[in-house]
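Participant: Starting from the structure of chain A, add chain B where the hints point.
Chains A and B are the protein sequences, given in the same order. Every letter in the first sequence is one number past the one before it in the working numbering, and letter 140, counting from 1, is 140. Every letter in the second sequence is one number past the one before it in the working numbering, and letter 53, counting from 1, is 53.
No wet-lab data here; the hints were simulated from the structure. Only a predicted model underlies this, so the values are computations on that prediction, with no experimental measurement involved. For each residue, glycine too, the CB sits at the ideal point set by N, CA and C. Among the hints, erroneous ones may be present.
[Said to hold, decoys possible] Calculated pairs, SDA-like style, for lysine to any residue (alpha carbon to alpha carbon, straight line, at most 25 angstroms):
1. A:Lys-71 to A:Pro-232
2. A:Lys-158 to B:Leu-50
3. B:Lys-43 to A:Gly-125
4. A:Lys-71 to A:Ala-212
[Said to hold, decoys possible] Which chain B residues face chain A? A few, computed with CB under 8 angstroms, are given here:
5. Leu-59
6. Leu-283
7. Leu-295
[Stated by the list, open to error] Cβ-Cβ distance ranges computed for the label pairs, FRET-style:
8. A:Phe-128 to B:Gln-44: 20 to 28 angstroms
9. B:Pro-259 to A:Val-161: 55 to 63 angstroms
10. B:Gln-44 to A:Val-111: 47 to 55 angstroms
11. A:Ala-48 to B:Arg-98: 38 to 46 angstroms
12. B:Gln-44 to A:Phe-76: 53 to 61 angstroms
13. A:Ser-83 to B:Pro-49: 36 to 44 angstroms
14. A:Arg-219 to B:Arg-98: 56 to 64 angstroms
15. B:Gly-214 to A:Tyr-4: 40 to 48 angstroms
16. A:Pro-61 to B:Gly-141: 32 to 40 angstroms
17. B:Pro-49 to A:Lys-158: 32 to 40 angstroms
18. A:Gln-36 to B:Trp-222: 47 to 55 angstroms
19. A:Pro-218 to B:Leu-143: 25 to 33 angstroms
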Amino acid sequence: MGWYIGRRLLQMVPVFFGATLLIYALVFALPGDPIQALFGERPASDAAIAALREQYHLDQPFIVQYLLFIKGIFTFDFGTSFSGRPVLDQMLEAFPVTIRLAVVALIIEAVFGIAFGFIAGLRRGGIFDSTVLLISLVVIGIPVFVIGYTAQYLFGVKWAVVNPTVGGDPSWFDLILPGAVLGALSFAYVIRLTRNSVAEALSADHVRTATAKGLSRPRVMTVHVLRNSLIPVVTFLGTDLGALMGGALVTEGIFNVPGVGRLLYQAVIRGEGPTVVSVVTVLVLVYLLANLVVDLLYAVLDPRIRYV
Amino acid sequence: MSETFARPGQERFVAPLEETPLQAVDAVDESAPSTSQWGDAWKQVRRRPLFIVPSLIILLLILVALFPSWFANAEPRYQELAKALGGPESGHPLGFTRLGTDVYARVIYGARASVTVGLLTTVLVVVVGGTLGALAGYFGGWLDAVLSRVGDIFFALPLILGAIVMLQALQAGSVWTVSLTLALFGWPQIARITRGSVLQIRGNEFVTAAKSLGLSRIAILWRHVIPNALGPVIVVATISLGTYIAAEATLSYLGIGLPPSVVSWGLDISNAVPSLRTDPWVLLWPSIALSITVLSFLMLGDVLRDALDPKGRTR
Numbered sequence: 001m002g003w004y005i006g007r008r009l010l011q012m013v014p015v016f017f018g019a020t021l022l023i024y025a026l027v028f029a030l031p032g033d034p035i036q037a038l039f040g041e042r043p044a045s046d047a048a049i050a051a052l053r054e055q056y057h058l059d060q061p062f063i064v065q066y067l068l069f070i071k072g073i074f075t076f077d078f079g080t081s082f083s084g085r086p087v088l089d090q091m092l093e094a095f096p097v098t099i100r101l102a103v104v105a106l107i108i109e110a111v112f113g114i115a116f117g118f119i120a121g122l123r124r125g126g127i128f129d130s131t132v133l134l135i136s137l138v139v140i141g142i143p144v145f146v147i148g149y150t151a152q153y154l155f156g157v158k159w160a161v162v163n164p165t166v167g168g169d170p171s172w173f174d175l176i177l178p179g180a181v182l183g184a185l186s187f188a189y190v191i192r193l194t195r196n197s198v199a200e201a202l203s204a205d206h207v208r209t210a211t212a213k214g215l216s217r218p219r220v221m222t223v224h225v226l227r228n229s230l231i232p233v234v235t236f237l238g239t240d241l242g243a244l245m246g247g248a249l250v251t252e253g254i255f256n257v258p259g260v261g262r263l264l265y266q267a268v269i270r271g272e273g274p275t276v277v278s279v280v281t282v283l284v285l286v287y288l289l290a291n292l293v294v295d296l297l298y299a300v301l302d303p304r305i306r307y308v
Numbered sequence: 001m002s003e004t005f006a007r008p009g010q011e012r013f014v015a016p017l018e019e020t021p022l023q024a025v026d027a028v029d030e031s032a033p034s035t036s037q038w039g040d041a042w043k044q045v046r047r048r049p050l051f052i053v054p055s056l057i058i059l060l061l062i063l064v065a066l067f068p069s070w071f072a073n074a075e076p077r078y079q080e081l082a083k084a085l086g087g088p089e090s091g092h093p094l095g096f097t098r099l100g101t102d103v104y105a106r107v108i109y110g111a112r113a114s115v116t117v118g119l120l121t122t123v124l125v126v127v128v129g130g131t132l133g134a135l136a137g138y139f140g141g142w143l144d145a146v147l148s149r150v151g152d153i154f155f156a157l158p159l160i161l162g163a164i165v166m167l168q169a170l171q172a173g174s175v176w177t178v179s180l181t182l183a184l185f186g187w188p189q190i191a192r193i194t195r196g197s198v199l200q201i202r203g204n205e206f207v208t209a210a211k212s213l214g215l216s217r218i219a220i221l222w223r224h225v226i227p228n229a230l231g232p233v234i235v236v237a238t239i240s241l242g243t244y245i246a247a248e249a250t251l252s253y254l255g256i257g258l259p260p261s262v263v264s265w266g267l268d269i270s271n272a273v274p275s276l277r278t279d280p281w282v283l284l285w286p287s288i289a290l291s292i293t294v295l296s297f298l299m300l301g302d303v304l305r306d307a308l309d310p311k312g313r314t315r
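One chain only, chain A, in its complex shape:
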């Protein structure tokens, strides 16, 4: 097991450097002068430009800039944005909000997705099953911003059950609607995954044995069918946590949630290179670690799998 973790961590190293280098190159190596952009149309003194250039290491060759950035990351020094705020402060404000949003989304998609998928899997081919399959397809087909605005209009404006927008320092209740919108796509995937997995488990030998032993139907269904069919679902939910945090961009924009997605989007639009590369780097790390944890979780949940 320890051997396996070590090998996986080693494999993550080139992916981490490749992904961050790619983003860094996209942000900093392309034409355009971010320092000149700071001054807009106004003329700036050469001394001021040179000082700023040195402060952001822009006077160095590209690869040195990148290595200095990586060195900063490992010492928790994310630098300052061009507007002068420490990037770490910005991230410490934004990440808790997005983590909370992602957790809300995860709970919603897990509870409803597993419940619907379980019932659909038990009655495969029935009306409930067909309806749920169709709904999941429709949810996958409708882009998230369409779902977002429709939900905002219906629940926030027309029936006014929740606040249409969230604003600063959101409560858990405020995040239910944005969380549901953010989790909608994965909810559809969880339904389909659970349904197929349950349907497969129903015809498995161990389930037939359990029934033949005379166990009650509820016990067979919960302990022998549901528990075993949840393994792929749990692993999907694990990888989804990373995807949700990176994918919250649109949802956070619609509901005005001050999270990572909005921070990143505004940083991209305003040309705040230091913020963009730092946030993306953290998101890449979250994604890679989530994948590792899920792979390990797999072995814990399914004793047949052993890593060497």
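Facilitator: Only chain B this time, still in chain A's reference frame:
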């Protein structure tokens, strides 16, 4: 006695030697129609409504994208500010946008941008990802290791996130840059699928047979492996086409994809947001068109999966 040589599971293929003349064992019904994987698939899907309905919608969509003027008389860029956000009237069945353009005409003309980006991205992704994936799967070794790690790098960056950074850096949104960007972050998915599929085909007996007949490695890959490995790739490509159209709309909605001069559903949805509370219909029509389009490709992909990819069958 032949039974004693049969491996478990193969018993039924072995005819008892004493009673059966050799010709009877070797006899193949030559008059039977030859069925290929594609023929089988076609037979399976052609009567299913889940195949027919999305196919018809996609055909109609392509027609609308090619000849929008057949379907709408109004000019999508013609503004009548006096009628901004006005309701339906004769010749303008869906009313007017905030800028006084005809909603129906814009929905019709918006199909072209979506379909072009979707098709262009899919072609790029299949050509690049398919080639690299097939090479990685077929040759294995260091080539596979390198290509797989490069794919992992792009996988670690979410599609929309990578795309907005790239498009902002390019500073010039057009159908081409949007497609290229989506393809840059989309090819590893097809590469992975192709690699897996090729790996599976590579071990088959007919590949060994082709090798022992003296075919070159490239010829085997091109003529025997790739045609048989295409099934899952086509399935995923169809579904991806839908997601690329959705991604283009999302990028345009964020103001970072197509420029405002292009008529596109994503931009129209974005422009309709400020009047959402008073006139939700202006936002709803392009949303409906977009959703039906994406949904059609997803449904088609789902049905094709049942027919072409026996391992991924949902029922």
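Participant: Evaluate each hint against the coordinates.
Facilitator: Hint check:
1. A:Lys-71 to A:Pro-232: 37 angstroms, violated
2. A:Lys-158 to B:Leu-50: 35 angstroms, violated
3. B:Lys-43 to A:Gly-125: Distance of about 22 angstroms is within 25 angstroms: holds.
4. A:Lys-71 to A:Ala-212: Violated. Lys-71 of chain A to Ala-212 of chain A sits at ~62 angstroms, over the 25 angstroms cutoff.
5. Leu-59: 18 angstroms, violated
6. Leu-283: 6 angstroms, holds
7. Leu-295: Interface hint status for Leu-295 of chain B: holds (3 angstroms vs cutoff 8 angstroms).
8. A:Phe-128 to B:Gln-44: 20 to 28 angstroms: 26 angstroms, holds
9. B:Pro-259 to A:Val-161: 55 to 63 angstroms: Taking Cβ atoms as reference, Pro-259 of chain B and Val-161 of chain A lie about 38 angstroms apart, which means the hint is violated.
10. B:Gln-44 to A:Val-111: 47 to 55 angstroms: 36 angstroms Cβ-Cβ, so the 47 to 55 angstroms window is violated.
11. A:Ala-48 to B:Arg-98: 38 to 46 angstroms: 43 angstroms, holds
12. B:Gln-44 to A:Phe-76: 53 to 61 angstroms: 57 angstroms, holds
13. A:Ser-83 to B:Pro-49: 36 to 44 angstroms: Violated, at about 56 angstroms.
14. A:Arg-219 to B:Arg-98: 56 to 64 angstroms: 60 angstroms, holds
15. B:Gly-214 to A:Tyr-4: 40 to 48 angstroms: 42 angstroms, holds
16. A:Pro-61 to B:Gly-141: 32 to 40 angstroms: Given range 32 to 40 angstroms: holds, Cβ gap about 34 angstroms.
17. B:Pro-49 to A:Lys-158: 32 to 40 angstroms: 34 angstroms, holds
18. A:Gln-36 to B:Trp-222: 47 to 55 angstroms: This hint holds: roughly 52 angstroms between Cβ atoms.
19. A:Pro-218 to B:Leu-143: 25 to 33 angstroms: This hint is violated: roughly 53 angstroms between Cβ atoms.
Comparing the model with each numbered hint stated earlier shows that hints 1, 2, 4, 5, 9, 10, 13 and 19 do not hold.
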